[in-house]
Amino acid sequence: NKNMFLSNYTCMDYKKRIEKIRQYIEREKGESLLLKDESNIFYLTGILEIEGFLIVDKKKVNLFVPSLYIQEAVDKKACKEIEVYNINDFRKFMTGYKKLAFISSELPYSLFTSLKKQTNISLVPVTDILRDIRMVKEPTEITLIKKALGINRRVFRAIEQNITEGTTEIEIAGEIHYLIRKFGGRKDAFEPIVASGNSSAYPHHKSSRNRIKKNQPVVVDAGTDFCGYKSDLTRTFFCSSPTKEFGEIFKLLQEVLEKTLEFVKPGKTGKEIHCFAVEFLKKKNLEKYFIHGLGHGVGIDVHEKPVLNSNSQDMIQPGCVLTIEPGIYIPDAGGIRIEEMLIV
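So in this note's numbering, the last spot in the sequence shown is 384, and the numbers never skip.
These aren't lab readings, by the way, just hints derived from the structure by calculation.
Think of the CB as a built atom: it goes at the ideal place given N, C-alpha and C, for glycine as much as any other residue.
Please note: incorrect hints may appear among the correct ones.
[Unchecked claim] Below 30 Å or equal to it, Euclidean Cα-Cα: the simulated DSSO-like pairs (lysine-lysine) are:
1) K227 <-> K308
2) K56 <-> K69
3) K138 <-> K69
4) K138 <-> K186
5) K116 <-> K157
6) K120 <-> K56
7) K76 <-> K186
8) K246 <-> K308
9) K222 <-> K299
[What the hints assert, rightly or not] Simulated DEER-style distance windows between Cβ atoms:
10) K139 <-> K55: 45 to 51 Å
11) C315 <-> F230: 23 to 29 Å
12) E285 <-> S150: 46 to 52 Å
13) K60 <-> S145: 14 to 20 Å
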């Protein structure tokens, strides 16, 4: 709905976001910050999935895009101070700075060397400050994520009746593609994972023509994009009843999920939350079959901060949106994963 899209984006505080970048530039005693990542550009300009470069300095915000995107950028920019230029003018514009900071993870080495050679200015790599800023969501962002999540839940309820013997993984994935759009999503947040039988032991299985069999787990991991914001859920279904072993694992993971959701609070680190969940699995000697981190932040991207794993020092704050996704993966047998989203 176009009106819903426009009203959501007029509620975002883009000026405050830009001001945070300027405060960072001031602290680092820099002149400006160059951004290339589409998600970061979207966060600061309100322009979704656009190719180009964004330069934020102490006075201006300049966006450089290919000619086929110029009118779109002019029409959709979130605030008046964003100036839109043809990307062909980008290198010439850069020469107006003595020093230009850039987020090191965004610029490929080949592009870095090319820009340095052609402009002869000082390019300074910095860490992705936007990852930290974006970790805490604004109320309007949370509203959009809730919309995506509601569509996601509706899709799962609809496909459950199609988890029948003989149906292929690809057929279920195709149904997910269709239903996300039918129920109001912009698109899939990522390619759905439908993993049945032995393939369910692969956390990131590529959906295939494998046919669903009785009593075997069917892990379905899917997400929705609503107005540029994502959701991410996983369910494990069974055609008929699970075997006794899988039934017990399923109940254990439900307990892990419920207890961990209660444990998550502001001030906890990603490591503390991950290790709390692992302790439940250790009691059943199943921790070796849990082969990934417990969860991650969700927002404009499906994977954002905070990260929940055995090394993470990311601190949970009010406004964080994250997943909790315990799973057990037994080679040559199958796997089970349950994933929920949590707004702190």
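Straight-line Cα separation of K138 and K69 no greater than 30 Å? Cα-Cα ~13 Å, so holds.
Agreement of K246 and K308 with the hint, judged by alpha carbon distance not exceeding 30 Å: violated (34 Å)
Going straight from one Cα to the other, do K76 and K186 come out at no more than 30 Å? Holds: K76 and K186 sit about 28 Å apart, inside 30 Å.
Check the hint pairing K222 with K299 against an upper bound of 30 Å on the C-alpha distance. Distance of about 34 Å is beyond 30 Å: violated.
With the threshold set at 30 Å, check whether the alpha-carbon distance from K56 to K69 stays at or below it. holds (20 Å)
C315 paired with F230, Cβ distance criterion 23 to 29 Å: Roughly 27 Å apart at Cβ, these two residues keep to the hinted range, so it holds.
Holds or violated: K227 with K308, Cα cutoff 30 Å? The hint is violated at about 33 Å.
Is K116 within 30 Å of K157, Cα to Cα? violated (33 Å)
Is the straight-line distance between the alpha-carbon of K138 and that of K186 30 Å or less? Between K138 and K186 the Cα gap is close to 44 Å, so the pair fails against 30 Å, i.e. violated.
Taking 46 to 52 Å as the hint, is the beta-carbon distance of E285 and S150 inside that range? At roughly 51 Å between Cβ atoms, S150 and E285 fall inside 46 to 52 Å, so the hint holds.
Using the C-beta atoms of K60 and S145, is the stated range 14 to 20 Å upheld? holds (19 Å)
With a cut-off of 30 Å on the C-alpha distance, tell me whether K120 and K56 pass. holds (14 Å)
When each numbered hint is compared with the structure, violations occur for hints 1, 4, 5, 8, 9, 10.
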